[in-house]
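Each chain, written out:
2 protein chains.
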Amino acid sequence: MKKSTKVNAAILIIGNEILSGRTQDTNTSTLATWLNSIGVIVKEVRVIPDIEKTIVDTLNVLRKENNYVFTTGGIGPTHDDITAQSVAKAFGLKYETHKEAFKILEAYYNPGEFNEGRQKMVKMPKNAELVLNPTSGAPGFSVENVFCLPGVPSILKSMLGSLKNKIVGGEPILSHTISLKTVESEIANSLTKVQDQNVEVEIGSYPFFHAGKLGVSIVLRSENQSKIDNCISQVLKFVKEKKIEIVDR
Amino acid sequence: MKKSTKVNAAILIIGNEILSGRTQDTNTSTLATWLNSIGVIVKEVRVIPDIEKTIVDTLNVLRKENNYVFTTGGIGPTHDDITAQSVAKAFGLKYETHKEAFKILEAYYNPGEFNEGRQKMVKMPKNAELVLNPTSGAPGFSVENVFCLPGVPSILKSMLGSLKNKIVGGEPILSHTISLKTVESEIANSLTKVQDQNVEVEIGSYPFFHAGKLGVSIVLRSENQSKIDNCISQVLKFVKEKKIEIVDR
Numbered sequence: 001m002k003k004s005t006k007v008n009a010a011i012l013i014i015g016n017e018i019l020s021g022r023t024q025d026t027n028t029s030t031l032a033t034w035l036n037s038i039g040v041i042v043k044e045v046r047v048i049p050d051i052e053k054t055i056v057d058t059l060n061v062l063r064k065e066n067n068y069v070f071t072t073g074g075i076g077p078t079h080d081d082i083t084a085q086s087v088a089k090a091f092g093l094k095y096e097t098h099k100e101a102f103k104i105l106e107a108y109y110n111p112g113e114f115n116e117g118r119q120k121m122v123k124m125p126k127n128a129e130l131v132l133n134p135t136s137g138a139p140g141f142s143v144e145n146v147f148c149l150p151g152v153p154s155i156l157k158s159m160l161g162s163l164k165n166k167i168v169g170g171e172p173i174l175s176h177t178i179s180l181k182t183v184e185s186e187i188a189n190s191l192t193k194v195q196d197q198n199v200e201v202e203i204g205s206y207p208f209f210h211a212g213k214l215g216v217s218i219v220l221r222s223e224n225q226s227k228i229d230n231c232i233s234q235v236l237k238f239v240k241e242k243k244i245e246i247v248d249r
Numbered sequence: 001m002k003k004s005t006k007v008n009a010a011i012l013i014i015g016n017e018i019l020s021g022r023t024q025d026t027n028t029s030t031l032a033t034w035l036n037s038i039g040v041i042v043k044e045v046r047v048i049p050d051i052e053k054t055i056v057d058t059l060n061v062l063r064k065e066n067n068y069v070f071t072t073g074g075i076g077p078t079h080d081d082i083t084a085q086s087v088a089k090a091f092g093l094k095y096e097t098h099k100e101a102f103k104i105l106e107a108y109y110n111p112g113e114f115n116e117g118r119q120k121m122v123k124m125p126k127n128a129e130l131v132l133n134p135t136s137g138a139p140g141f142s143v144e145n146v147f148c149l150p151g152v153p154s155i156l157k158s159m160l161g162s163l164k165n166k167i168v169g170g171e172p173i174l175s176h177t178i179s180l181k182t183v184e185s186e187i188a189n190s191l192t193k194v195q196d197q198n199v200e201v202e203i204g205s206y207p208f209f210h211a212g213k214l215g216v217s218i219v220l221r222s223e224n225q226s227k228i229d230n231c232i233s234q235v236l237k238f239v240k241e242k243k244i245e246i247v248d249r
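Which chain is which? The protein sequence lines are A and B, in order. So that you can map any letter, position 206 of the first sequence is 206 in this note's numbering, and since no number is skipped, the others follow by simple counting. So that you can map any letter, position 39 of the second sequence is 39 in this note's numbering, and since no number is skipped, the others follow by simple counting.
Treat the hints as calculated values from the structure; they're not laboratory data. By construction, the Cβ of each residue, glycine as well, lies at the ideal position given by its N, Cα and C atoms. Heads up, some of the hints might be wrong.
What follows is a list of derived Cβ distance ranges for each label pair [claimed, not checked]: (1) T33/A with N189/B: 16 to 26 Å; (2) T54/A with R249/B: 27 to 37 Å; (3) K227/A with E96/B: 27 to 37 Å; (4) V247/B with S158/A: 23 to 33 Å.
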């Protein structure tokens with residue numbers, strides 16, 4: 001399959017528990033790292049509450065602006081799980097029992113355990129495609145370019161394998177990090193010059209304070225390794241001139 | 001000062017490093033927890049890249065839809081720190097050296113250390129109000145209802161004290177959690193009934209798997225303690241009927 005050069009995505013985190021601060025979202029970092037590795041650039045993340053109108057409206061913006069949208073959360077059995085019905089509404093589709101998903105969960109649970117609560121988890125937008133769940137049975141699903149995944153981080157992670165063949169990425173985004181024992185203000189001007197001379201490489205500068213060390217990580221990102229290499233040489237040149245210690249490269 | 005009942009906010013996380021998955025954002029959780037404690041409801045979080053047009057456009061949407069907007073990231077000395085100039089553009093203000101901020105950093109650094117890179121950190125939208133930084137000197141700032149904070153979590157945390165008297169919250173949002181040794185599908189129907197009878201309490205259901213325990217936390221949120229208490233009774237009633245073990249309440 002021919003790869004397009006730029007493929008982008010939005011991540012939509014659905015859940016009051018993130019907005020209240022009760023739960024620390026980690027799915028963004030998991031999904032973003034994985035998407036970058038398969039050549040999908042995350043352009044935007046939004047966190048929104050469990051409110052149907054908000055989910056519908058936000059989805060209808062994001063799915064038109066991006067090649068893919070990945071939602072997390074709201075596909076469990078309780079009253080606050082309203083992602084599937086909201087996706088159905090956003091696409092103008094019926095919200096109904098998905099036969100294949102029903103069969104999967106019927107086989108997954110012991111006889112008598114596939115109760116009314118659990119049966120809610122197989123209600124989806126009509127003709128949704130399933131994203132299989134090797135951890136806890138209940139599948140995610142996709143409609144067109146919108147992929148709906150669970151909020152529980154360990155379950156989400158276990159589903160990336162099932163997702164992989166459904167996503168067509170562009171060129172993988174390559175990244176190289178150089179960590180220096182310095183402060184940002186010391187290298188700001190030199191780094192600006194490198195960025196100005198290498199507009200196709202995204203250069204980020206991030207101070208770090210950990211394990212008793214204080215320093216700056218310079219992150220170089222591009223689809224093109226030789227352009228990254230060119231930046232690395234230019235960075236190492238000013239680092240040498242300024243006699244800055246390299247912590248890691 | 002009279003408190004309005006509902007005060008809401010958006011959080012705008014600015015930084016390529018979050019979108020690439022390189023950095024795990026923790027500022028959302030810090031800010032959201034703090035804002036809830038002072039009666040400010042976080043309605044939305046967005047994570048966007050270090051692109052001026054995106055920052056300007058997003059800010060101009062969020063600042064009109066919310067009582068407050070809190071940005072994190074992009075106020076350091078390097079080329080990828082473009083929050084201050086973007087905020088100036090969003091408000092149609094000049095981007096210039098802030099005299100008070102200049103004095104603060106001039107006094108903060110040793111003679112000769114307040115170099116060109118660091119002087120970038122005192123360039124702000126004209127007449128911005130400062131948010132003092134007890135950790136590393138360089139202040140954040142606000143323009144109207146937009147508050148710009150740093151991305152480094154420890155520095156951001158240390159600035160909440162300076163922020164506090166600038167924010168007028170509504171009634172604090174109270175929260176009570178009941179953790180049960182059960183699975184969501186077991187309590188889904190009963191919990192739906194409690195939610196239907198208590199529409200002014202936000203009821204969330206969150207499965208947990210930690211320290212070898214599997215269970216569900218029910219989170220009850222409202223500005224009104226007696227409404228929460230009413231929900232607690234109703235939850236404990238069905239918990240008793242179903243002989244579910246209470247892990248914590």
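Comparing the hints with the structure gives:
no.: 1; hint: T33/A with N189/B: 16 to 26 Å; in the structure: 38 Å, violated
no.: 2; hint: T54/A with R249/B: 27 to 37 Å; in the structure: 30 Å, holds
no.: 3; hint: K227/A with E96/B: 27 to 37 Å; in the structure: 35 Å, holds
no.: 4; hint: V247/B with S158/A: 23 to 33 Å; in the structure: 25 Å, holds
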